[in-house]
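Student: With these hints in hand, go ahead and build the complete structure from the sequences.
Taken in sequence, the protein lines are chains A and B. In this text, residue positions in the first sequence follow our numbering: the first is 1, and each later residue adds one. In this text, residue positions in the second sequence follow our numbering: the first is 1001, and each later residue adds one.
Don't read these hints as lab results, they were simulated from the structure. Using N, Cα and C, we set each Cβ at its ideal position, and we do this for glycine too. A portion of the hints provided could be inaccurate.
As the list claims (entries may be wrong) - Examples of chain B residues lying across from chain A (beta carbon under 8 Å, computed): (1) 1254; (2) 1267; (3) 1274.
Number of protein chains: 2
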Amino acid sequence: MLTDTERLARASLSRIVEPGDTDVGVLLEQHGPQETLARMLSGPAGEGYRARARGTDPAADLGHAHALGARLVCPGEPEWPTQLDDLGTARPVGLWVRGTASLRLLALRSVAVVGARACTAYGNQVAAGLAAELADAAWVVVSGGAYGIDAAAHRGALAATGVTIGVLACGVDQYYPSGHSALLGRIAEQGLLISELPLGAHPTRSRFLQRNRVIAALTRGTVVVEAARRSGALSTARRARDLNRLVMGVPGPVTSELSTGVHALLRAGGSLVTDAAEVVELIGAIGTDLAAEPAGPMLPRDAVVGEARRVLEAVPPGGTGAPVERLVRRAGLPSDIVLQRLYELGSLGLVERHGGNWRQR
Amino acid sequence: MLTDTERLARASLSRIVEPGDTDVGVLLEQHGPQETLARMLSGPAGEGYRARARGTDPAADLGHAHALGARLVCPGEPEWPTQLDDLGTARPVGLWVRGTASLRLLALRSVAVVGARACTAYGNQVAAGLAAELADAAWVVVSGGAYGIDAAAHRGALAATGVTIGVLACGVDQYYPSGHSALLGRIAEQGLLISELPLGAHPTRSRFLQRNRVIAALTRGTVVVEAARRSGALSTARRARDLNRLVMGVPGPVTSELSTGVHALLRAGGSLVTDAAEVVELIGAIGTDLAAEPAGPMLPRDAVVGEARRVLEAVPPGGTGAPVERLVRRAGLPSDIVLQRLYELGSLGLVERHGGNWRQR
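Tutor: Put into structure tokens, the structure is as follows:
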């Protein structure tokens, strides 16, 4: 288990270090968080770090996060998604997580849907439909919370009563872009907002690009829906490819500028997908290293306790299952909690989604 | 060289045998056309053949063809496109060719563009644009003369002052569909109409399907522009794949029924292409077995005689070249003849198209 001192050190590092700093990653691998922090601040190249460290108060940061319903999830902790370890020395020092579900369990069955900010009506329709179908199949849709395809993907998942994760390039208390405050708030309630940046942090160009590596590493694969030739969504796809995740693209009219990036991706070896069934066929087939679709439950039913146990007992054993609203009544828990626990139980192989309903496996 | 008797026997066979009859193909390989004809008509299974043979007059057929500006091109003749030999025992007994250009030379640098009859405005636009760009790069566009994508491809090539080949499932004197009489007439003038069926023959479902194997075998690759899941264009693509030709598809909106067949093709290993440059990159790279893009001319300049020589002498030696109209004036020949000779000289590596102009290589 992580000690309080280690957590405080990682909270400090998340304020001092820019995402993707591999020099710090090397130190962390060799010396752990406290020693890394000490060396950074005292070292010859430490002036920049010391300037950023002034006035930081990691205990206060953790307190503010707690008040917001957020927490810092660190490598080695049970909630840490171990697939992020594939990032090596570029692994985040920690992730600020807002929402009540388990990041690790949700991320086990997750897929990224990303694309152009300035998307077309076609892209919007395709991304929302794809995300809704993925949610219907109990997959967690991960995206970046941006305008355009990202928003369509989050909205599609939410509309299908699915769970979605927004990976931000700013603090999880920041609603960026501001036009998405309602959407991001709803993601935090029905899913999770996560970021390696501390509360209050603002996005920068570099942070957007580094954020993409987290989206790529967290998920089994990345689907690009619309992207011009130099779109940021393609950087997520490249990261996914480099991490041996699946790279998928939805084609579009060759007469549209927003198809060019996707088609270039497909010509370079990405997999062409036209609907969620084709996505699931690909991402369901891999992932024994992450979490295979379990033939049976991954842990005994008796090991499930607390809220998750109440939800599990509310789910019908097979048959056509029951809709979320009925499970909410039976379990006597808020609907967002029930939904998150259902997705967690799903990733453990204990329940499954069947159309709009849930049933035990 | 083919004897007159052999030509007459093949003309008879083209009237008696349905396209793709491999039993007859086996006999032809073993015994040649005269002996094959004799065995077919006298054999135990000959009743059907004899019924069809009654009243046939191969000499009259050849005469009528000549009057129409058509001829029968047979295996082993200089004008025979030897890539059709890849069809083995399903090789046509001969091809009726209408138009003055050399089928063999035009087919050396040819690519098929096929697709749905009931295409969308998108497909129409894409097929016409692709064919025009291919013509601009001095590639011969081959298609089936049908409504929809086929017509758009032929029209695009013609509009770009290119040469195009229509492969018909009926006699080359038949304008089928009748709404295409003007288009097919223009193809015969500016390019070639070809068919393995004799004059007067009407299309049938089986003839359409067998026609597709000729399109596939004649060309270096087949591009499918729009196709529903059970489209005939996909049968051309399958034939092309079986013949180790390139199979290409232009993607479209996943929300369109007419994209489903193309996307299925691409998911099964077809190459995604979005413009003519990408098509040329693929088909230009292969084809050493058919006819490689020659580094230098394939035959000495002095060997070019007759009309071709007059056209060659009219073409500027390099520079930005000259448009067809100027070459027509210089050569003193009809424009369709000049165009066909230019394409032939192009396939021999003696001239090349540069934008809308032609120049010597």
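Student: Run every hint past the structure and note whether it holds.
Tutor: Each hint tested on the structure:
no.: 1; hint: 1254; verdict: holds, 4 Å
no.: 2; hint: 1267; verdict: holds, 5 Å
no.: 3; hint: 1274; verdict: holds, 4 Å
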